[in-house]
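Could you put together the complete structure from these sequences and hints?
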Amino acid sequence: MTNTQVTLVQIDNYGPWTVTPEPRREADLQTMQSRLFAEISQFVGNRGGYAFFTRFDNMIAVTNGCSLEDHALLQESIGNRYPVTLSLGVATGTSPVQALSDATARLQEAGSAQDENRRECLEGRAIDDEYRTDDDVQIAHFDVVNATGNYTDELNAFDTFIEIEQGYAELMRHMRYTHDSLSFFVGGDNVIVVCPDLAAADYEEATAHVEDAVDVEMQVGVGRGASAHEAGFAAKHALETCRADGTRVELEWETA
1 MTNTQVTLVQ IDNYGPWTVT PEPRREADLQ TMQSRLFAEI SQFVGNRGGY AFFTRFDNMI
61 AVTNGCSLED HALLQESIGN RYPVTLSLGV ATGTSPVQAL SDATARLQEA GSAQDENRRE
121 CLEGRAIDDE YRTDDDVQIA HFDVVNATGN YTDELNAFDT FIEIEQGYAE LMRHMRYTHD
181 SLSFFVGGDN VIVVCPDLAA ADYEEATAHV EDAVDVEMQV GVGRGASAHE AGFAAKHALE
241 TCRADGTRVE LEWETA
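Residue 112 in full-length UniProt numbering sits at position 112 of the sequence shown, and the numbers go up by one each step.
Possibly wrong hints are sitting among the right ones.
Derived Cβ-Cβ restraints for the label pairs, each shown as a range [said to hold, decoys possible]:
| id | residue 1 | residue 2 | range |
| --- | --- | --- | --- |
| 1 | N146 | E120 | 44 to 54 Å |
| 2 | S77 | D129 | 21 to 31 Å |
| 3 | Y82 | S112 | 13 to 23 Å |
| 4 | E22 | N58 | 19 to 29 Å |
| 5 | H237 | T94 | 34 to 44 Å |
| 6 | T94 | A169 | 45 to 55 Å |
It is worth saying that the hints were derived from the structure and are not from the lab. Cβ atoms here follow ideal geometry from the backbone N, Cα and C, with glycine treated the same way.
Right, dumping it as structure tokens:
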């Protein structure tokens, strides 16, 4: 049984800040957002977690292994060096979707995302080390079969992007509403999905659905671990087995 710890990262009062005292340059906002995400990703990654940028003003992280003290340190570090502050909601659950819903509710109860009086809230709870297991996190790493040959070397860069994004969007919707999973595009043709305890048949069904819906063929490696890093690294190895053997679904614990 999985037990995923999810952190919702929300920039405090970000919308109003971007236009106060007057609208800020878009290039400056994009630069700050990307640097802020890089800082959060590195901080969480150094503790075995994964962070995903989603909409940038709201980011989602898998933080198994990060304590509430770690979260407070992240807030302090960002608050000291950036013109914005972060509020964090932390929750756990056998379903990543439920964990995120609970983390979101914690912040919503603390105040609106555009409430100028809500600053650096830290709400929720983390998993105590004594209750962590090697099966807490299940990560699936999807990519597009022969993306270079089918798209990159055949289409212009923007049309390739459209095709890859269609596959991601369909996978994201399907995994969310059919399998209570959270999917994140991570560059190239790669999608990382944070999953509950799913079986090989579930992943076979997902890849078949995406191919039927948008004609994008995908393959997936799946791993388990006590942290997102451990599960994700195992998933990468399983995906390499897909590429080498021409299979579509590989579970690391079945191929090891």
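Structure-based check of each hint:
1. Checked against the hint of 44 to 54 Å, the pair N146 and E120 passes, with Cβ atoms roughly 46 Å apart.
2. For S77 paired with D129, a C-beta distance near 22 Å keeps the hint of 21 to 31 Å intact.
3. In this structure, Y82 and S112 meet the distance hint of 13 to 23 Å, their C-beta atoms being roughly 21 Å apart.
4. At about 24 Å, the CB distance of E22 to N58 agrees with the hint of 19 to 29 Å.
5. A hinted range of 34 to 44 Å is violated for the C-beta pair H237 and T94, which are about 25 Å apart.
6. For the pair T94 and A169, the beta carbons lie near 26 Å from each other, so the given range of 45 to 55 Å is not met.
Comparing the model with each numbered hint stated earlier shows that hints 5 and 6 do not hold.
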